[in-house]
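Asks: Dock chain B with the ligands against chain A, hints included.
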Amino acid sequence: MSQVSEVPESGRSGSTPVPPTLTVPIQLRVNGQIHTIQVEPRTTLVDALRTHLGMTGTKLVCGQGACGACTVLLDGERVTACIILAIMCDGREVKTIEGLALPDGTPHPLQAAFVRHDALQCGFCTPGQIMSAVAFLRDHPEPTIDEIRAGMAGNLCRCAAYIGIREAVADAAKQMRASTATSGAATLAQDAGEMS
Amino acid sequence: MTTTIPQVPVNPQDPTSNPTSTPAEQMHSIGQPLPRIDGLAKVTGQAIYSFDHALPDMVFGTILSATIPHGQVVRVDHRRALALPGVLRVYSCENQPPTPPRVEGGAPYIWFDREIRYDGQDVAMVVATTQAIADEAVGLITVDVAPAPFVATVRAAMAPDAPQAGETPNVEDPGSPYGEPAQYTRGDVAAGLLEAAVTITAAYDLPSQIHNPWEAHVTLATWDGDCVTVYDSVQYPIGARNFIANALGIPSEQVRVIAEYVGGGFGSKLSTKTQAPLAALAARHLERPVRVRLTRAQMHRNARHRPQTLHHLRLGATSAGILTAIDHEVWSGGAPKAQYYESAASTSRYLYACPNLRSAHWRVRVNQNPPGSMRAPGEQQSQFALECALDELAHALRIDPITLRQRNQASTHAVSGKPFSRNSIPTLLDLGSQRIGWDQRAQPPGSQRDGALWRGIGCAVAFYPLHMARAEGRVRLQADGSVLVESSGVDLGTGTYTILAQAAADGLGTTPADITVHLGDTTLPVAPIAGGSMLAASVTPAVYSAALDARQQLIDAALDLPDGLFAGCSASDLVIGAGRVTHRRDAGRAITFAELLRLRGTTEIVGQCNFAADDLPMEYGNFGAHFAEVTVDVETGIVRVPRFVAVHDSGRVLNPTTYRSQIRGGIIWGLSAVLLEASHMDGHRGRITNANLVEYLVPTALDIGEIDVTWLDEPDAGANALGMKSAGEVGITGAAPAIANAIFNATGLRLRHPPFQPPRVLMALRAAGITA
Ligand code: FES
Ligand code: FES
Chain A
1 MSQVSEVPES GRSGSTPVPP TLTVPIQLRV NGQIHTIQVE PRTTLVDALR THLGMTGTKL
61 VCGQGACGAC TVLLDGERVT ACIILAIMCD GREVKTIEGL ALPDGTPHPL QAAFVRHDAL
121 QCGFCTPGQI MSAVAFLRDH PEPTIDEIRA GMAGNLCRCA AYIGIREAVA DAAKQMRAST
181 ATSGAATLAQ DAGEMS
Chain B
1001 MTTTIPQVPV NPQDPTSNPT STPAEQMHSI GQPLPRIDGL AKVTGQAIYS FDHALPDMVF
1061 GTILSATIPH GQVVRVDHRR ALALPGVLRV YSCENQPPTP PRVEGGAPYI WFDREIRYDG
1121 QDVAMVVATT QAIADEAVGL ITVDVAPAPF VATVRAAMAP DAPQAGETPN VEDPGSPYGE
1181 PAQYTRGDVA AGLLEAAVTI TAAYDLPSQI HNPWEAHVTL ATWDGDCVTV YDSVQYPIGA
1241 RNFIANALGI PSEQVRVIAE YVGGGFGSKL STKTQAPLAA LAARHLERPV RVRLTRAQMH
1301 RNARHRPQTL HHLRLGATSA GILTAIDHEV WSGGAPKAQY YESAASTSRY LYACPNLRSA
1361 HWRVRVNQNP PGSMRAPGEQ QSQFALECAL DELAHALRID PITLRQRNQA STHAVSGKPF
1421 SRNSIPTLLD LGSQRIGWDQ RAQPPGSQRD GALWRGIGCA VAFYPLHMAR AEGRVRLQAD
1481 GSVLVESSGV DLGTGTYTIL AQAAADGLGT TPADITVHLG DTTLPVAPIA GGSMLAASVT
1541 PAVYSAALDA RQQLIDAALD LPDGLFAGCS ASDLVIGAGR VTHRRDAGRA ITFAELLRLR
1601 GTTEIVGQCN FAADDLPMEY GNFGAHFAEV TVDVETGIVR VPRFVAVHDS GRVLNPTTYR
1661 SQIRGGIIWG LSAVLLEASH MDGHRGRITN ANLVEYLVPT ALDIGEIDVT WLDEPDAGAN
1721 ALGMKSAGEV GITGAAPAIA NAIFNATGLR LRHPPFQPPR VLMALRAAGI TA
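Chains A and B are the protein sequences, given in the same order.
Sequential numbering from 1 applies to the first sequence in the numbering used here.
Sequential numbering from 1001 applies to the second sequence in the numbering used here.
This is chain A alone, in the form it adopts within the complex:
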């Protein structure tokens, strides 16, 4: 925590006088972009994302770290953002569902697979499922269905789209391996070209 000061909470209120609140400035790198915000020490990461930055793709369901709906990547590792304080993330890198597609809008292979396999119904758990799967697949690029069941067990789905979810994760793993193989081959070819 760098400094603590008595400052009015930034620009959230028009007609009513703004109360002085103990807030702390923090810097979050969200999806590659740096944001400096004033937060109360009790502000959770999910609140900072949703309320302070207006990024509502990350959902809040249980608020107890029990359901995984608020899963984001913090320095690449999945965390439940409802039980992490924003001040603990000062200077760190956060990846959310909004930052997953390519800049041209092409969905991430997991996003596409979730649609293809109907791995969602109401969709409220879905951003958390997908962010969780991103980290899971990085660590388990060739998962079995049982590994997926265990590796995704922290993300609950009340609509119970579980079968679609595990099929989507398995399929996305395949797609991602194939594209890594292609780009790997391309890199090799390029290297070979440079050498010759």
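Don't read these hints as lab results, they were simulated from the structure.
No residue lacks a Cβ here, since even glycine has one placed at the ideal position from N, Cα and C.
Take the hints with a grain of salt, since some may be wrong.
As the list claims (entries may be wrong) - Pairs of lysine to any residue residues, derived as SDA-like cross-links and limited to a Cα-Cα distance of at most 20 Å, are as follows:
#	chain 1	residue 1	chain 2	residue 2
1	A	K174	A	D90
2	A	K95	B	L1040
3	B	K1418	B	A1353
4	A	K174	A	I145
5	B	K1418	B	G1187
6	A	K95	B	A1353
As the list claims (entries may be wrong) - Simulated coverage check for chain A against chain B, where a stretch passes if three residues somewhere in it have a Cβ under 8 Å from a Cβ of chain B:
#	region
7	25-39
8	43-57
9	63-69
10	96-103
Replies: Below, chain B with the ligands alone, put in the same frame as chain A:
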């Protein structure tokens, strides 16, 4: 995934020549596994739910809940809360606005009642500049109460000396608040039981459960002059609009409710919760947008629940397995001042043929928040008790449980007296028994052991009646080439957006890619509740017919063009798509909607249909046969369901992808109901002890094995213009009893008090002397 279809037994009076039914050759999109069209918005985080809506200057409300189950609020002191910086206003019974007379009659709305009838009831609300401040401030409110005697569990409330939960006796005949009488008899049950070669008696105790949609009950309200716009997470926007208008004492035209995306409902969002009118009230006073959400604990303590039901069943049958008597009596949890009772002996009345029958419901008022509809309310518990009891009867008779069900098939709905359009139960049971390998089940029960893992297979019938209600379909062809489908109904994740696009595309003769669907807004055409599985079966035929109407108008206009572009053509020569009308064989002869509308002197063509949901001459049911394979670990008491088979009949299936998801979801809800879910009421304090998602168990990915879903894709022609039925609730009704019956097959033990969490199973096993 669909099975080859053996001929379904069709009732001879089936109006297969129904002029409104649609020939299959016109269906290009309907029946296709189109990925859900709202999928991309949901997987990218772009879908904006009511919980996500934010407006400049928005402030936040938190509700304070009562912590006694019965008594009077003597005094509420707001001062400490008001002193907290950031708190804008506090509401309670001390300063609530005078209740306006209800615009549409009925009891006046009370914001904060001084009489507390249950733990969790609203006592006050704080509005503050941040949610955190509002949450903190409710803890600073001081409430003086005068507690009264209470009773919080169904069994305690049935005791003769129990305190009275409300103004009337705890145990009452609920009468017929929903049309069907709570008490029903036909024939002579005593004589039927006497005549039986075998009788069984069984009591089942099913727990209270909480819907827990993932998106909380949340409302954002903002005023513009006399009118309020409300972003609300609801299953019935029109109902929410009327509720809010009544509370505020304003005409419903001044309230607009929007619910574009809804994060689940399962029945809890059929009724409007108090946060909605409170948000509107505070937004009017503060002249700025107000968001109020229920906490997860409040979702358990004050957002309705499936009440506990106690069942007593007696069945009698001849030695050949013909039912001679069914006696099904139920006591269900109720609440003071609430009408609701659980019709949990309903399907027993008509699902099987039986001449002597009694089905009786009693409501038992307790000091708990009012119960309400939760996915297949009544049918879920009725099917559990009936299908488990039939399994017990089959065992007593030494008859195959499938045979017993097939021998008692009902061709007529005994209560309404109307014939079923078809009763596919016998066929579905045959198909399912092949898929699961029914002959592989443990015979005798308890005989298939693999170390501590004992294996069994059980079956049950799934059933949910077809409900439909009035709906308007509207399809608008715009000059810019777009096609808009509009309905005030919502998509809870059921697939409404997608199937409406498919239906409109086929009605118009175009593709779903050309269609934009707008849902969840009270300014759009009338739609029924997204509940009772009735939204799809009502709105989809209406939209389909509206699209046919729009197509007809468009074609008439094209054939009638003054420049004679399509002179000499007939309607069948014209194709509609990509915003134009084109000659089927001569692509050069084409005109855009814009040009066509301009030549006609209009800006749009509107196709309409008013779907009336007439009283039909037959009964239409959603049927399923469910088969569960379970393992019971006799060392730990853990029950697992590695394999599940479901075969269904829902008439025409509009979209196999979303249909399968609905059925699977229902099955997992059934699994959850029987193995995991229970809301625990502490009878000594009158408070729910597991009002959170840590202690209230729902399934995880690890609880889900293989689930094989197939169906008969046969339109049920007389039901509506598409021959479709429904999918939302039938899936839950068979899964729980199929699993309970499989546990019997695995162990030889009847467990009658779910959820079958490991400690309960282990105790039953040990009591029966079973150890690893
Ligand atoms: S909302 Fe964070 S884990 Fe449930
Ligand atoms: S899709 Fe609704 S909770 Fe998972």
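Asks: Is the listed coverage of the region 43-57 of chain A by chain B valid when you require three or more residues with a beta carbon under 8 Å from a beta carbon of that chain?
Replies: Three-residue rule met by the region 43-57 of chain A, so holds; n is 8.
Asks: Are there three or more residues in the region 96-103 of chain A whose C-beta lies closer than 8 Å to some C-beta of chain B?
Replies: holds (count 5)
Asks: Between B/K1418 and B/A1353, is the straight-line Cα distance small enough, at 20 Å or below?
Replies: holds (13 Å)
Asks: Taking 8 Å as the C-beta cutoff, is the stated coverage of the region 63-69 of chain A by chain B satisfied by three or more residues?
Replies: Holds: 5 residues of the region 63-69 of chain A have a Cβ under 8 Å from chain B.
Asks: Could you grab the alpha-carbon distance between A/K95 and B/L1040 and see if it respects the 20 Å cut-off?
Replies: holds (19 Å)
Asks: Holds or violated: A/K174 and A/D90, Cα atoms, limit 20 Å.
Replies: Since the Cα atoms of A/K174 and A/D90 sit roughly 35 Å apart, the hinted pair is violated (cutoff 20 Å).
Asks: CA of A/K95 to CA of B/A1353, is that 20 Å or under?
Replies: violated (59 Å)
Asks: For the pair we were handed, B/K1418 and B/G1187, check the Cα-Cα distance against 20 Å.
Replies: It holds: about 18 Å lies between the C-alpha atoms, which stays within 20 Å.
Asks: Given the hinted pair A/K174 and A/I145, is their Cα-Cα distance within 20 Å?
Replies: Roughly 12 Å separates the two Cα atoms, so the pair holds.
Asks: Mind taking a look at whether chain B covers the region 25-39 of chain A? Criterion is 3 or more residues with CB to CB distance under 8 Å.
Replies: Result for this restraint: violated, n = 0.
Hint compliance for this structure: hints 1, 6 and 7 are not met, and every other hint is.
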